[in-house]
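Asker: Use the sequences and the hints to build the structure in full.
Number of protein chains: 2
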Amino acid sequence: MHKQQKVTATLLTIGDELLIGQIVDTNSAWMARELVKQGIQVVRRIAIADDRAAITDALDAELAAVDVVLMTGGLGPTADDITKPTLADYFGTTMRTDEKVLQHVKSFFEKRKKPMLERNLRQAEVPEKCTVLFNEKGTAPGMWFEKAGKIVVSMPGVPHEMMHLMETQVLPRLEARFSLKPLLYKNLLVGGEGESFIAEHIKDLEENLPPYIRLAYLPSLGYLRLRLTCNESDREGIEAEIESWSDKIAQRLGKYLVSQNDLPMPEILAGMLTKVGLRLGLAESCTGGYLAHLLTQIPGASNYLQGSLVCYQAEAKIRLLGVSLKTIQDKGIVSEAVALAMARGAAQTLRADIGLGITGWLDKEGDDKAAGGTVCVAITMGDRHESKTFHFANDRLRNKELAAQNAFLLLIRFLKAHFLG
Amino acid sequence: MHKQQKVTATLLTIGDELLIGQIVDTNSAWMARELVKQGIQVVRRIAIADDRAAITDALDAELAAVDVVLMTGGLGPTADDITKPTLADYFGTTMRTDEKVLQHVKSFFEKRKKPMLERNLRQAEVPEKCTVLFNEKGTAPGMWFEKAGKIVVSMPGVPHEMMHLMETQVLPRLEARFSLKPLLYKNLLVGGEGESFIAEHIKDLEENLPPYIRLAYLPSLGYLRLRLTCNESDREGIEAEIESWSDKIAQRLGKYLVSQNDLPMPEILAGMLTKVGLRLGLAESCTGGYLAHLLTQIPGASNYLQGSLVCYQAEAKIRLLGVSLKTIQDKGIVSEAVALAMARGAAQTLRADIGLGITGWLDKEGDDKAAGGTVCVAITMGDRHESKTFHFANDRLRNKELAAQNAFLLLIRFLKAHFLG
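Chains as they are written, first to last, in our numbering: chain A, 571 to 991; chain B, 571 to 991.
Simulated from the structure, these hints should not be mistaken for laboratory data. All clues stand as given, with none of them false.
When chains are identical, the list treats them as one kind, so a pair holds in a single copy or across two.
Derived lysine-lysine pairs resembling PhoX-like cross-links, with alpha carbons at most 20 angstroms apart:
no., residue 1, residue 2
1, Lys825, Lys684
2, Lys773, Lys684
3, Lys720, Lys751
4, Lys681, Lys934
5, Lys683, Lys707
6, Lys681, Lys707
7, Lys717, Lys576
8, Lys670, Lys681
9, Lys670, Lys707
10, Lys707, Lys934
11, Lys684, Lys958
12, Lys958, Lys683
13, Lys717, Lys699
14, Lys825, Lys773
Answerer: Right, here's the structure in full:
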């Protein structure tokens, strides 16, 4: 079997819905991440229509440029899905019915007690000259084609089906097929300042990086990731060298460093709360349940999250959280004093060790225009407490995201200062 | 000025972060939607690296094929952003400093009380031969180039900056530049059955559609959109014809039709609740605040949402929502009886007209493996109530999404049945 060193790939997504903007393509980011980890360089991501000529033109162009084309989409049971016959023609082969897939499709519908239709049965038809990638998560199988040393894989566009096929079949096959050098990388999570400031802050370190280690700035709403990468995984001592640069940068970042772990903020928090064995209770006003939603995306959240009291009305803040009317009148409904009272109310009502309260105006065009974008967060535990006011200058949805990430950041710092210092 | 009929576009996204999968590209979907509405056909979406050769190769290829190339990304202040100098070279022009942009960048940092750096000042440098698209939302301006009748626009990749530039400058300029026929379309929101079933249910209607009206199936988690489109907006009576087909399909869909409005489920609910003047209170267990989060994404949610009691622990369900221990012991924590008690508790505690309770196991691998994916939803208002049990077969995150959309669907049907029939 032919083995080679540098392997390049194109991600090709098929579907009118992408070109009319009906759906956001989350598949490509996931696929790119997995391929890069294995040492396959993604050079292009392309989305085209459910159109024969567009598919064959794209395959011609990409197969001339890269080693692997991973296609998703266009394998559904409706009339507008034409990827499968187009691929059969492209590779000069006819269709056959795959018995294993056919039995699977039948039992898929039986189990769900849904009527099976002629068009569903056709999902068991596959091109003669391809390796069928059996899809136990859905009814459309994946297909693996080879032509002149190049590889074309077609997978369904449904994210969990694609992911399952990638993990169980496509990635292992690619690994066996090529001699891959996995990418080495290390991410640092940074909060509290933006891209330009951090870049200046670590400028001399960045300038002294060896040529085979790259530093990238990956900004998100409310935080920033610094990414050190090296694609020469066979270089002697390279892992230790990356670690050492990561440590140097981490030290320089000081208070701006959130974590040297490559995890989303809620997962970092989950890890910390589990480690210190403390239970969290939330009182949310402007974030409207978003903090609790993010924390409960993680399996096992019930081990550290008591719950959240989403009180969208002042009356409920008084009645359920014990915020005093006087505090609201004196300090305003968006104030650190109210946030703190909410945090205390959450800890008490939800019987949590730590309470977090958040109140704010997300919209620029609110009752109080001057205060639009103002968000107050408070954290309390016993007689320790902390609070902070933020001013965000964006629209409602972005301000909500910023509020959530900054609330998590404040909580991470609180835990670090008091328990993990 | 040259005017033409059919205008095609490519969306070209620049940035290593897309090829290593660090971020999900939400820009392209938004841009595609806006362009399609204006009558511009998006034929390709491409993502490439921050790499000179990749950018110029892509421009060569796309300008040979389409009328307009809309680029995003690669305009940041850090060293890896090279789009601007590459474009200047590509269009054979030098750089100049734009005074208006320079003043804007300076005041941008003054207002935020952030130190301004040399690299930020360079954001005011623009190619000589381009129309500067002033960006009041950020520090990187957009750029509009023309060459041999083709148009290339470069915009920052930050979503709200790109959206603002598109809305205020790019779309109006494209409209003025070309004679566009806006796409006519009509969406129907469908719930309760999947793509294959619905396709079969309306098969004969679909077969009788005139050739200039297309029907597409756009499945999401928990619901489905049917989209009727026609790009012959000058055809006589076409709007009425699309409406009439939409009505025919809606009638056939019957109970599966959720709405003939092109809105997300939470916005449909917001409209209904506002119309009937009823206030909603939520009690969330497995969705962990996600229902409240989705509803509070919409401005004005305080007009119909009282709040949500996210009770992640059985103890809190008993103490805060008044669920009886006996019900939990007899029926199980995931049961319609508990969901109904939670709904009643939410209505009472939050002083809402309608209560919605939801409890379930999202993970397949839970304490009770057989029950993984089981979710119970209940709705109550006075002496009227309704409840339903769902069995979802996916992973945690997808099951949460399915739980939320199906809870909304149940509530929409409840409101239709009792108030909007």
